[in-house]
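One-letter residues, chain by chain:
2 protein chains.
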Amino acid sequence: MRQSFELLILGSSSASPTSSRNVSAQLLNIAERYFLIDCGEATQIQLRRFKAKFQSIDHIFISHLHGDHFFGLPGLLSSMHLLGRQQPLNIYAPPGLKEVMDKLNKLSDTRLNFPVQWHETSPGTSKMLFEDEKVEVHAFPLQHRIHCNGFLFREKKLPRKIDKFKLEKHKVSTADIQLLRKGLDVLNADGELVKNSELTIDPLPPRAYAYCSDTKYNEEVCGYIQGVDLLYHESTFLEDQAARAAKTFHSTAKQAADIALKAGVKQVLLGHFSARYRVLDDFYTEASAVFPNCLLASDGKLIKI
Amino acid sequence: MRQSFELLILGSSSASPTSSRNVSAQLLNIAERYFLIDCGEATQIQLRRFKAKFQSIDHIFISHLHGDHFFGLPGLLSSMHLLGRQQPLNIYAPPGLKEVMDKLNKLSDTRLNFPVQWHETSPGTSKMLFEDEKVEVHAFPLQHRIHCNGFLFREKKLPRKIDKFKLEKHKVSTADIQLLRKGLDVLNADGELVKNSELTIDPLPPRAYAYCSDTKYNEEVCGYIQGVDLLYHESTFLEDQAARAAKTFHSTAKQAADIALKAGVKQVLLGHFSARYRVLDDFYTEASAVFPNCLLASDGKLIKI
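Here the protein sequences line up with chains A and B, keeping their order. The C-terminal residue of the first sequence carries number 305 in the numbering used here, and the numbering is unbroken. The C-terminal residue of the second sequence carries number 305 in the numbering used here, and the numbering is unbroken.
Take the hints with a grain of salt, since some may be wrong.
A pair holds if it fits inside one copy or across any two, identical chains being indistinguishable in the list.
As the list claims (entries may be wrong) - List time: in silico DSS-like cross-link candidates among lysine-lysine, alpha-carbon distance up to 25 Å:
(1) K161 to K171
(2) K161 to K106
(3) K103 to K156
(4) K106 to K247
(5) K169 to K103
(6) K195 to K301
(7) K106 to K216
(8) K182 to K166
(9) K169 to K195
(10) K266 to K127
(11) K169 to K98
(12) K98 to K164
(13) K51 to K127
(14) K301 to K169
(15) K103 to K127
(16) K182 to K134
(17) K166 to K304
(18) K103 to K262
(19) K106 to K53
(20) K127 to K164
In short, the hints are calculated from the structure, not lab data. Computed from a predicted model, the values in this text were never measured in an experiment.
Start from the sequences, fold in the hints, and give me the full structure.
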């Protein structure tokens, strides 16, 4: 079975929550690594509501320091603590957040029972934030009113798949599986060289997810997100509010679709909708006219990539 | 019609939210003054959910600085700002909160469009926090792990009620109504003294609500809350957890009822239930055995006093 790569939307509203949409947060599961992306107020409530694995989150990425993207952090950490967490938590965030969180904890007499490892993101640059044997996460710059990062989550290249029947046929020992997975040729029981391509098949291509919130229309971002399987791109407004979008450093549905097209992604997911819109149909209509493979975020939506 | 005096429960859980209970917050309406009492995370969401008058809140009282009582403040203020608020907001809170809120606003590049007037509460003392022609609000000390205040909300004595038929009968001018309301005797058209008691009837007695969260069992509190119409008293645990309650400076359901009995209040409301309890029936059973006129808080419950 293929390793998991799925995204749970925890909030799809910009700025303020509405009766049906909470503010920004997403939970991404790649191969059972749980990455929380942004953490607006009440994210811990959304996590419970959608039965997400609360304590499995070991990495939290904060795109920028507008309140709708991080005001849920103090409560989430407090609840993790109260629920007995002991394993470390990594937080990747712009400079300044650690200091305020320390002050909040001091003020509320909170001493977390688990270590928090803070990783400062750097304004305006691209940087690898996390890597293990299966996944890597990169930050890249977005253009917003304040320092803001997008994030790229990428599976590592999977090992080559072994055809076990062919191992027997070519008298190759199972001890050589690790070499075969890496793509190397091996010697068989008769001392003959057997080509890797005789014994293995190509693995599925690695998948990638890119998160772009908040940002004005900016084609430079395409270089960082080229060809990803799923692009989340904010679309705070519809195109008739393009002037307002530009002024507030946000994007319209059409602009999000334009970026998806230019970056050659496979699918685009719109979110971060302004609270002024009750019904979102026009976002789909506008974006899909430019880029048909388009989804709208809604709280609780699970997207398998 | 009698002026309003009603309490809306916005959260009834202690420490962490559960699937059915949010953390502490209550909205008290006395004569169209809206007082928010504590402001745990997601209070703004609860206000929307229960269709409360969001922007009518001019006074917020924070009992103490454990996160479940104030982590909703940054988001609430941000949304008030985004929704166009301009009128001043008063916040009554322990020392230190203003400084952290200022830092949060600076970090998130938030400049509120309305003035916030901060009023520091004083540890361990009783103090009048607010007064106008209809209501007064007092803080009084509770015994918790950190500095914590209870709050007493009291209607002012209502003016005497005029019997208009008797005004005519006794030839008293309507110009004298203000004097009569204050309880004074007046001269009639014939220059005769007419006793106030001939023309007016007693107003309804002023009502009072007391809020006690969080606190260990402490009989000294009875002096501040004697005879109130409704007492909210935390009951984080049931009596079989009395040792745990004492250790964490919380109360049990029985202890809350004991305080209600000793303070001679008319009705007691229990809340701040530990997340360990899914069903709350035992809280009612335990408390009502001591003090029958007992209610359990639940999110969205509206209590007319």
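Hints the structure violates: just list their numbers, smallest first. Numbers 2, 3, 5, 6, 11, 12, 13, 14, 15, 17, 18, 19, 20, in rising order.
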